[in-house]
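Trainee: Listed here are the chains, written in short residue letters.
Number of protein chains: 2
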Amino acid sequence: MTFKQELENRAAEVEKILAAYGTMQDKSYQKTVMEAMEYSLFAGGKRLRPILLQETFRMFGGTGSIVEPFMAAIEMIHTYSLVHDDLPAMDNDLYRRGKKTTHAVYGEDMAILTGDALLNYAFETAGKAFDMAEPEELPYAVAALRILAAKAGIYGMVGGQVFDVEAENKDLPLTEEQLLFIFRLKTSALIEASLMAGAALAGAGTEEIDLLSQIGTNVGIAFQIRDDILDVISTQEVLGKPIGSDERNNKTTYVTLKGLAQAEADVRAYTEKAQALLEQLPSDSTFLHDLIDSLTDRMK
Amino acid sequence: MTFKQELENRAAEVEKILAAYGTMQDKSYQKTVMEAMEYSLFAGGKRLRPILLQETFRMFGGTGSIVEPFMAAIEMIHTYSLVHDDLPAMDNDLYRRGKKTTHAVYGEDMAILTGDALLNYAFETAGKAFDMAEPEELPYAVAALRILAAKAGIYGMVGGQVFDVEAENKDLPLTEEQLLFIFRLKTSALIEASLMAGAALAGAGTEEIDLLSQIGTNVGIAFQIRDDILDVISTQEVLGKPIGSDERNNKTTYVTLKGLAQAEADVRAYTEKAQALLEQLPSDSTFLHDLIDSLTDRMK
Chain A
64 MTFKQELENR
74 AAEVEKILAA
84 YGTMQDKSYQ
94 KTVMEAMEYS
104 LFAGGKRLRP
114 ILLQETFRMF
124 GGTGSIVEPF
134 MAAIEMIHTY
144 SLVHDDLPAM
154 DNDLYRRGKK
164 TTHAVYGEDM
174 AILTGDALLN
184 YAFETAGKAF
194 DMAEPEELPY
204 AVAALRILAA
214 KAGIYGMVGG
224 QVFDVEAENK
234 DLPLTEEQLL
244 FIFRLKTSAL
254 IEASLMAGAA
264 LAGAGTEEID
274 LLSQIGTNVG
284 IAFQIRDDIL
294 DVISTQEVLG
304 KPIGSDERNN
314 KTTYVTLKGL
324 AQAEADVRAY
334 TEKAQALLEQ
344 LPSDSTFLHD
354 LIDSLTDRMK
Chain B
64 MTFKQELENR
74 AAEVEKILAA
84 YGTMQDKSYQ
94 KTVMEAMEYS
104 LFAGGKRLRP
114 ILLQETFRMF
124 GGTGSIVEPF
134 MAAIEMIHTY
144 SLVHDDLPAM
154 DNDLYRRGKK
164 TTHAVYGEDM
174 AILTGDALLN
184 YAFETAGKAF
194 DMAEPEELPY
204 AVAALRILAA
214 KAGIYGMVGG
224 QVFDVEAENK
234 DLPLTEEQLL
244 FIFRLKTSAL
254 IEASLMAGAA
264 LAGAGTEEID
274 LLSQIGTNVG
284 IAFQIRDDIL
294 DVISTQEVLG
304 KPIGSDERNN
314 KTTYVTLKGL
324 AQAEADVRAY
334 TEKAQALLEQ
344 LPSDSTFLHD
354 LIDSLTDRMK
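Chain order of the listed sequences is A and B.
This note's numbering runs 63 ahead of the 1-based position in the first sequence.
This note's numbering runs 63 ahead of the 1-based position in the second sequence.
Honestly, I wouldn't trust all of these hints.
Heads up, the list lumps identical chains together, so a pair's fine if it works in one copy or across two of them.
Below are the DSSO-like pairs computed for lysine-lysine, each with C-alpha atoms no more than 27 Å apart in a straight line [said to hold, decoys possible]: (1) Lys109 with Lys163; (2) Lys109 with Lys67; (3) Lys336 with Lys321; (4) Lys233 with Lys94; (5) Lys314 with Lys94; (6) Lys191 with Lys314; (7) Lys233 with Lys162; (8) Lys314 with Lys90; (9) Lys191 with Lys67; (10) Lys79 with Lys321; (11) Lys233 with Lys90.
By construction, these hints were calculated from the structure, which means they are not laboratory data.
Working from the sequences, and respecting the hints, build out all of it.
Mentor: And the structure:
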């Protein structure tokens, strides 16, 4: 099987798991937001984070369905962050992945509550893993849950989002150090969480989890630089959202700071750094290696 | 010691615990939202939920500081819900408890992120209990965490909020059944969570936790009816926010549905129901009994 086929299989597996955990039951008077949660969650996407989480779970010998609630949970966290990012008071985006954003369909108030509900439901969903945990797995599931919370929070993803928005508000040109702070928190943190939580759930040791954290940092930075590049070189048709938005918003990006050629070189450098670290893991990391490559070269 | 003194002591204890868990460390580039988190968290309030959580923990024989992260967490969840409630796209309130609301001070985008950060940090904070848990307490802490997530979520608090906002948007007059649905989810759920999580953390049994859930439902409904009454009979000076807002917004309240006299009678009825259920608990519930009374008669 080629890597591309393998990746498609993995993504299809994630969709099934997401459908199981992300389809809301008992739609009473909360119906509208439950539909909005599903709309946001099933609007497509690469499903990168659940795929990463599942992969490190397997790499460290994890078996069984205890990983599934966590795979769904990390995608819910990612989705909530997009829903709130797109709000009129934030980036004010009407399209994402070629579809109308949540607030464009359901209104601003419902989109705020949809994001809140998804973030909360992520923890509720991760909690379902405890119903499946053998007594000796209990501490592993606790560790995985705490990784999710830490990496999604103010010292992780939300923290990066805050400084990003604030810098834009103040029309503040960013230094490379500040931009990398945003990349590490806003983008890397959740990729780190995916890699780390999967491994933790399988009972990996602290050193291995630390290594995965570093790998995630580098992958996230490469991913985000690639995002900045795509905003310049891609088209709305391919990307599913307007391009050139960074330039219009007068935003400091990796490309404005270092130029396109250097940006492309640095994507490769961060990618190779991640892959070199991957070699230090005791398990077969072929799939992860190829997956990281595919992110570097992606066109959307 | 009078009940009033006892309650003041408990609230002071909560403030100390909140200060320990809710004062943000390492204020890097996320400084602004960390300050906004503290601003919202330390803007006053009755601290009812942490007091309830601590009380049932003690009632069921809980000792030690493992309860503290949960006390802080539930107040963070309550606070995030207020921050998002007050947003321009929601209730658009500029004052709460006599102080400017979070978006009035920090702007709409920062207030959205402050709420997100607080909700996420609640789970991060509750997770700290695992550092203090003895091995046999691990399942108790897991149960308490899951109660928090369930009661704060789409089948709990957020669910109530959704239908409340939606009904208001559509200028929909509500039936009593619909209004009580909102009360049960928007207000009761987090009170149930407080009572249940404290007990669960101390190792209480399922039957006792179910009983506390019912008590919380009744207390929450009484609390919310009293809120509707205060919106009619109180003053902005006492309440710290504009009164008559329900009427201005043409909102169905318990008072518009049933009249002031019946509303007052029903507050008593729900209160007495809660107190009667309390009698079925094996532990000394004097403090809870008095606390529930004090909520019924409160002027703000």
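Trainee: It remains to establish, for every hint, whether it holds in the given structure.
Mentor: Checked hints:
no., hint, result
1, Lys109 with Lys163, "within (17 Å within a copy, 42 Å between copies)"
2, Lys109 with Lys67, "within (13 Å within a copy, 57 Å between copies)"
3, Lys336 with Lys321, "within (19 Å within a copy, 68 Å between copies)"
4, Lys233 with Lys94, "between (39 Å within a copy, 15 Å between copies)"
5, Lys314 with Lys94, "between (38 Å within a copy, 21 Å between copies)"
6, Lys191 with Lys314, "neither (41 Å within a copy, 38 Å between copies)"
7, Lys233 with Lys162, "between (30 Å within a copy, 26 Å between copies)"
8, Lys314 with Lys90, "between (41 Å within a copy, 24 Å between copies)"
9, Lys191 with Lys67, "neither (31 Å within a copy, 41 Å between copies)"
10, Lys79 with Lys321, "neither (41 Å within a copy, 48 Å between copies)"
11, Lys233 with Lys90, "between (42 Å within a copy, 19 Å between copies)"
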